[in-house]
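Those sequence lines, one after another, are chains A and B. Here the first sequence stands for residues 6 to 366, numbered as in my numbering. Here the second sequence stands for residues 802 to 1191, numbered as in my numbering.
Calculated from the structure, these hints are not laboratory results. The structure presented is a predicted model; accordingly, all values stated were derived computationally and were not measured. Even glycine gets a Cβ: it sits at the ideal position worked out from N, Cα and C. Treat the hints with care, as some may be off.
Part of the chain B face toward chain A, derived, beta carbon under 8 Å [what the hints assert, rightly or not]:
| hint | residue |
| --- | --- |
| 1 | 1058 |
| 2 | 1068 |
| 3 | 1070 |
| 4 | 1078 |
| 5 | 1079 |
| 6 | 1081 |
| 7 | 1085 |
| 8 | 1095 |
| 9 | 1164 |
| 10 | 1165 |
| 11 | 1168 |
| 12 | 1172 |
| 13 | 1175 |
| 14 | 1177 |
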Amino acid sequence: MNLLYTDIEDDLRASVKDLLTDRAKAADVIARTETTEPYDLDLWRRLTELGAVSLHVPEELGGQGASTREVAVVMEELGRSVAPVPFLGSAVLATTALLGCKPSDEVRSLLDAIGSGEQIATLAISLATAPGSTVPDAIRSDSGLSGRVRSVADALPADVLLVPAQGGSGLELYAVPVAQPGVEVTPVTSLDLTRPVADVTLDRATGTLLAGPEAAEPAVDGALWTAAGLLASEQLGIAEWCLATTVAYLKDRHQFGRPVGSFQALKHRLADLWGDLVLARAAARNAADEPGQLSASVAQALCSTVALHAAEECVQLHGGIGMTWEHPAHLYLKRAKADSIALGTAGRHRQLLAPHANIPA
Amino acid sequence: MNEAQLRELTREFLAKNDPTTMDRLEFLRARFDAGLAWVHFPTGLGGLDLPREMQSVVDEELAGTPDNDPRRIGIGLGMAAPTILAFGTEEQKQRYLRPLWTGEEVWCQLFSEPGAGSDLAALGTRAVRDGDDWLMTGQKVWTSSAHTARFAILVARHDPDLPKHAGLTYFILDMTDPGVDVRPLRQITGEAEFNEVFMDNARVPDANRLGAVGEGWKVAQTTLMNERVAIGSRPAPRDGGMSGVVAETWRNHPENHTPDLHDRLLDLWTQSEALRLAGIRLRQQLAAGAPGPEGSAMKLAFARLAQELTGLEVELLGDDGLRYDDWTLRRPDKVDFTGREAGYRYLRAKGNSIEGGTSEVLRNIIAERVLGLPAEPRTDTKVAWKDLPR
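This is chain A alone, in the form it adopts within the complex (with noise of 0.2 Å):
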C-alpha cells in the first residue's frame, strides 16, 4: 500500500496542470458554459496527446501500461479545475467497462480510439447510478436496442455509447455509434454547468456486442466501482481548490480594520476543513492505490461530503462575492453537489460498508 505521490505522478499532474492553468482559466470556463459548446474539445485533444486519457490501458492494448492511481491524479486536477472534458465519461467509465471486455478486435479499435481522442465514449447509464445495482434501461430485441436513459454524463460530445441493455438471457453490452436515425442525445439543463448531463433515447438502434451475459455484468459494474473509486480523487481536487481559494480570499479580504481570516470563528472553519482534506486525501489515495469495493465506498461516503462542504463553506466565506455569477465558487459548488449523487450517494456507499464492516442493518 503507497497512499503518497511517486515522482512520477509529480510529474504527470505537473504536466496537466500547466496545461489546464493555460486552457481551463475560470472566466473561460464560466463563459464556455452558456455558448452551444459546453465541451472544451480542443482541450480534450491536447489532454489525449498527454497521453492522459488512456494512463490504466495496458500498453499491449495501445495504453500507457499505467494505474488507476495515476488515473487519479489526473482527476485531482480534473476537479481543482472543473474543465469542462469528458474525462469521466470516455477515460474512466467507458474505458474501464471495456478493459472488463474480452478484447476482440472491437474492443480494442475502441480502447485506440478513445485513447487517441478520435473518438469520445461515454457509459450509457444515469450518473446516479451506484455500483451493485445496474438495471438496464435498454433492452434488446430483433429489431435492435430501444430505450430512454436519463442523465448521462459525457454523452452530449459522444461519438460512441456503451450500452448496458437487457437481452434474452441477461445484461449485454453494446457498442452503439450516435450518429445513426435510432440514437438520440437531448440535451438538458443540468445542474453541473461543466459536466452536463443529457438524455439518451434508443429507437431500434443498432450496435455491436462486446459483452454477453456472463461478461457484461462485471464489466458494467466494475466500471462503475472503479469511476466511484477515481471520483473521489476527483472530489478531492474540488475540495482542495475550494479550501486554498477561501484561504487566500481571507487573508486579503479586510472587514472591522482586520483580515477577515484572523477571526477566530472563521479560522476554525477553516482548520476543521483542512483536517477532514487530511482525512479525505488518505481515503482518495486509498482508492486509487486498491481499487475495490471496500476502499471505493469509504472513499465515497467520505470525500462526497467533504467536497460539497467544502464547495458550501467557500460560497459562504466569500460573503456576497460568492454568490455572484462572476466569481467561480459556483462551479464547484454546482460539481460538488452533482458529485455527491453520481455513482452513489454517501447515504448509498455507507449502507454498501455494512457487511465489510460487520454492521449488519
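For this one, chain A is given, so just place chain B on it according to the hints.
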C-alpha cells in the same frame, strides 16, 4: 551502521543477555547500556546516534522480551527525556536518562495550573532564588503519574515583572521533597487518573535547572512539540480502535437497532477507517523523510470520533445505558478504555478534546501555522505578567 548491522548487534546482545534467566531490571539496564533503548539517542545515553526509524529493527528483534512498560512511564519517555537531551547538562543526562528509560524512576509534568491551561505562559507558580537553590510555591493541576513519580519537569515564574513568556524558567523537581503535596483530582468518571500538586517552598538546587534562567518558554516548547509527535509507531488494525468496540456492541444488541443508529454507526465507522488510513499515510510520509502537519488533524478527528462513537454506544445499550459500572474513586496508573463499560468510555472520551492541547487551540495552530491565516490581535505579550488581568 546499517539495518543489517543493527540487527546483528541486537542479536549479539540477546545472546549475551538472556531475558529468561536475567532479572528484568538488569536486562533493561543492559539494554540501555548497549545503546538499544532508543537508537536515535547519543551513544552512551542509551542510543547509537541512528535515525529514529531504525528503532523498529531493535523492537522486532527484542519482541517478547521484558519491556519498560511505556504506558506507565509515558511522560518520562515522551516529554522529559527529549527535553533533558536537548537542554540538559552532561551531568543531568548521565544522572536521569537511564533510570527514566528503565522505569526505575517515573516522571511527571508540572505545567498546567488552575489559572493557566491553554494559556500556559500565564502560569504563576513562583521560583524564588535562595542561595544555590530555588524555592517553588504554587499549584499545578492535571498531573498524571504525580503519585508514582520520583521527578517532575516543572515550569515556574522566576520574575513576575517581565512579560509572561520571558519570566519563565524550567526545572527538575524531586517529588519526594517535603514541600511537595500530591492530592488526587477526581474527574467526571469517578476515578482519579490525575493529581493536583501543591508546592510550598519546595526546594530545587540550581543544578537541577534545565536551560538558562528565563529560557523556560523555549524549553517547554521542546517538551510540547514532542508531546504532539508521540503518535503510535504501528498502524492500528481495522476495527482495532473505538469503532470496533462500538460495532461489537451493535451486534450484541439487535433489539435496539434502528435505521438512524445504523447510518450513524456506519458513518463513524467510515470516518474511523479514513483516520486509520491517514495514520498509515502519515507514517509513510515520515518514512520518506517528509513529515507533515497532518498529525494535528488526526488528533482533532480522533477526539471527535471517540466522543461520537462512545456517545452512540451508550445509546445502543437501551436501558443498560442508564447504568454505570462504578463511581468509586479509583487510582488507575494508565488509561484503559476497553477495561471498563460504555458509560465510562463516554465520559472519559470527553477528555480527548482537552488533554494535550484543546481542540480549539489546535484549530488556532492549524489556522495560523498550516494555513497561514493571521493571528488574533494580542494584548498580553508585552505587559509585565503581574499587571495582566486575571
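Verification of the hints:
no. : hint : result
1   : 1058 : holds, 7 Å
2   : 1068 : holds, 6 Å
3   : 1070 : holds, 5 Å
4   : 1078 : holds, 4 Å
5   : 1079 : holds, 4 Å
6   : 1081 : holds, 6 Å
7   : 1085 : holds, 5 Å
8   : 1095 : holds, 5 Å
9   : 1164 : holds, 4 Å
10  : 1165 : holds, 7 Å
11  : 1168 : holds, 4 Å
12  : 1172 : holds, 5 Å
13  : 1175 : holds, 4 Å
14  : 1177 : holds, 6 Å
When each numbered hint is compared with the structure, no violation occurs for any of them.
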